[in-house]
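Assemble the complex: chain A is given as a structure, and chain B must be docked to it using the hints.
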Amino acid sequence: MRVLGIDTASRTNSIGLIDGDRVAADFAWDARDSSLQQIIVNTDLVLKRSGLTLAEMDGLAVGIGPGSWTGVRIGVTVTKIMAHAVNKPLCGISSLEAMAHQSKGASLLLCPLVDAGRENVYAAFYRVRGKELTREGEYYAGSIRGLTERVKEPVMFLGRPAYLYRGVITSEMGALARFGSPSDTPSGSVFASLSLPRFAAGVADDALSLVPLYLGESLAQALLRKKEAEAGGGRGSRPDPEG
Amino acid sequence: MLVLGIETSCDETAAALVDEGNVLSNVIASQIDLHARFGGIVPEVASRKHVEVIGYVIREAFDSAGKGHSQVDAIAVTSKYGLIGSLIVGVSAAKAMAYALRVPLIGIHHIEGHIFANILSNPGLPLPHVCLTVSGGHTMLIHVKEPGQYEVLGGTLDDAAGEAFDKIAKFLGLGFPGGPAIEKLAGHGNRTAINLPRPLGRSRTSDFSFSGLKTAVVNMFKDSARQTLPLPDIAAGFQEAVVDVLVSKTLQAAQRQGVSAVSVTGGVSINTRLREAFSESCRRRGLQVFFPRRDLCTDNAAMVAAAGAVRLKYGEVSGLDLDAIPNAPLESIKCA
Numbered sequence: 001m002r003v004l005g006i007d008t009a010s011r012t013n014s015i016g017l018i019d020g021d022r023v024a025a026d027f028a029w030d031a032r033d034s035s036l037q038q039i040i041v042n043t044d045l046v047l048k049r050s051g052l053t054l055a056e057m058d059g060l061a062v063g064i065g066p067g068s069w070t071g072v073r074i075g076v077t078v079t080k081i082m083a084h085a086v087n088k089p090l091c092g093i094s095s096l097e098a099m100a101h102q103s104k105g106a107s108l109l110l111c112p113l114v115d116a117g118r119e120n121v122y123a124a125f126y127r128v129r130g131k132e133l134t135r136e137g138e139y140y141a142g143s144i145r146g147l148t149e150r151v152k153e154p155v156m157f158l159g160r161p162a163y164l165y166r167g168v169i170t171s172e173m174g175a176l177a178r179f180g181s182p183s184d185t186p187s188g189s190v191f192a193s194l195s196l197p198r199f200a201a202g203v204a205d206d207a208l209s210l211v212p213l214y215l216g217e218s219l220a221q222a223l224l225r226k227k228e229a230e231a232g233g234g235r236g237s238r239p240d241p242e243g
Numbered sequence: 244m245l246v247l248g249i250e251t252s253c254d255e256t257a258a259a260l261v262d263e264g265n266v267l268s269n270v271i272a273s274q275i276d277l278h279a280r281f282g283g284i285v286p287e288v289a290s291r292k293h294v295e296v297i298g299y300v301i302r303e304a305f306d307s308a309g310k311g312h313s314q315v316d317a318i319a320v321t322s323k324y325g326l327i328g329s330l331i332v333g334v335s336a337a338k339a340m341a342y343a344l345r346v347p348l349i350g351i352h353h354i355e356g357h358i359f360a361n362i363l364s365n366p367g368l369p370l371p372h373v374c375l376t377v378s379g380g381h382t383m384l385i386h387v388k389e390p391g392q393y394e395v396l397g398g399t400l401d402d403a404a405g406e407a408f409d410k411i412a413k414f415l416g417l418g419f420p421g422g423p424a425i426e427k428l429a430g431h432g433n434r435t436a437i438n439l440p441r442p443l444g445r446s447r448t449s450d451f452s453f454s455g456l457k458t459a460v461v462n463m464f465k466d467s468a469r470q471t472l473p474l475p476d477i478a479a480g481f482q483e484a485v486v487d488v489l490v491s492k493t494l495q496a497a498q499r500q501g502v503s504a505v506s507v508t509g510g511v512s513i514n515t516r517l518r519e520a521f522s523e524s525c526r527r528r529g530l531q532v533f534f535p536r537r538d539l540c541t542d543n544a545a546m547v548a549a550a551g552a553v554r555l556k557y558g559e560v561s562g563l564d565l566d567a568i569p570n571a572p573l574e575s576i577k578c579a
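Residue numbers (our numbering), protein chains in the order written: chain A, 1 to 243; chain B, 244 to 579.
Next up, chain A with everything else stripped away, as it sits in the complex (with noise of 0.2 Å):
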């Protein structure tokens, strides 16, 4: 099976391909040199140099992020389309479960982690079981104290924040947290390679359907929130002028 993986959401964009059980090509770059800019050019690189073509893939995975909001919805338009357009299955792969993927040799709770700004986090609790990785409990947004409140066993943190908040981290919970390889960022490849067994139980994601996983709203939507909580304070009916 053939399946080209690509993902821009976060800062190393990446693009490979994956040709049976062997890692056919695997592609990165800087997101500061344009993921929108790049991600066509290096998808036709990365199959030049295969020596396919689109039409020959099998199916297409994508990374849904959480993330760069505009860096996903670059990677999830581009890879959904491409499918649509050559009639390919698609498999939306979240950042959080690929960054767990690269270090399921761990015999522990692992928790990646995505920078979400301000020392908010975005992450998720993944458990291995045998050659299963399971996702325990929902998607977390929201601080790095906040999270750690949530565990009582020994955790390793994945991606940069866990270097970015090591300190908190440690002092928050001393000995119970470990911490993976700083350079955990997924490459395309694995994007693809996590698609496999989805392709293969024929568990497809809908291509015109997919979005990005964001885990977040955009301060417009939760002022609006807020303020339509806090509804009840009539408007007069002349416009004010100082308003």
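None of these hints come from the bench; they were simulated from the model.
What you are looking at is a predicted structure, and each value in this text was computed from that prediction instead of being measured.
Glycine included, C-beta positions come from ideal geometry on N, C-alpha and C.
Wrong hints could be hidden among the right ones.
Stretches of chain A that chain B covers, calculated by requiring three or more beta carbons in the stretch to come under 8 Å of a beta carbon on chain B [claimed, not checked]:
| id | region |
| --- | --- |
| 1 | 38 to 51 |
| 2 | 137 to 148 |
Incomplete in silico selection of chain B near chain A, CB under 8 Å [as the list claims (entries may be wrong)]:
| id | residue |
| --- | --- |
| 3 | F281 |
| 4 | V288 |
| 5 | E295 |
| 6 | G298 |
| 7 | R302 |
| 8 | G309 |
| 9 | H312 |
| 10 | I331 |
| 11 | V332 |
| 12 | M340 |
| 13 | L563 |
| 14 | D564 |
Chain B alone, transformed into the frame defined by chain A:
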């Protein structure tokens, strides 16, 4: 030549198939209701909605035209001028489609799209002519020498005309979008009951300014004697002031360029009073005036596809590294 157009520069997700000037499909998913709750367009909300619906909109453009992917000769997309987050989604989709179908990709300036809304709607549109593009995002006067050859004569120095409508509607508590709300209320008012300024009305440039007009309306509510003025009269007086400036500046530009025709395009060109005033004034001056068909006034992808077809004929094709640029100047076709 069958061209797929894609447009996501602001708050409409649109896709269309155009074949040699014939609009085979023109699909527009409007986000107006979504943004109305916020009283204006929220860029992050718009970007998310574009990703959610873009695939369905493209599929519908093919289905309703009765065409298949393999029949498309090129993909044109609005890549310049608009909200960056919104533009990015359309450009991503267009690139993916062009690469997958192995057809040329053409990046189009949003304003050039609006110019083509009139060319598509009126096959007899004379050239050269002066085009006024007017919406919530832009107010521009352009000397259209021929399709693809432009000279920008002027634009707004502050708010776009449609933006002024939105802000006054918000101030009067009429909701978003402001254009239709003001027009409806103005229908019950007297347009000469109040006297509002015509900003830059006497200046010899082709530039516009609407923020002072907005302030003038707001200030009327600080004057207790005027507090009793009926809102319909305020709406009608405000609309008249905007229309007056748009008409006089466009006719002035037409005279200076020595053209015999003008065209008006963009979301505000759907306004009935604007159309009426343009028709009256142009008739008096012996000028022809053209408007797009109603479904091509607001943002749409048919106009983008039409512009793309012309650029492609002159060999202007974009690379797969096409970028989205929110503030790009309108450029003519170079190799013509």
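The hints, checked one at a time:
1. 38 to 51: It holds, with 6 qualifying residues against the three required.
2. 137 to 148: Result for this restraint: violated, n = 0.
3. F281: holds (6 Å)
4. V288: holds (6 Å)
5. E295: holds (5 Å)
6. G298: holds (4 Å)
7. R302: holds (6 Å)
8. G309: violated (18 Å)
9. H312: The hint holds - H312 (chain B) has a Cβ within 8 Å of chain A, the shortest such distance being about 6 Å.
10. I331: holds (6 Å)
11. V332: OK, holds: V332 (chain B) within 8 Å of chain A, min 5 Å.
12. M340: holds (5 Å)
13. L563: holds (4 Å)
14. D564: Cβ of D564 (chain B) sits 4 Å from chain A, so the hint holds.
Checked against the numbered hints given earlier, this structure breaks hints 2, 8; the rest are met.
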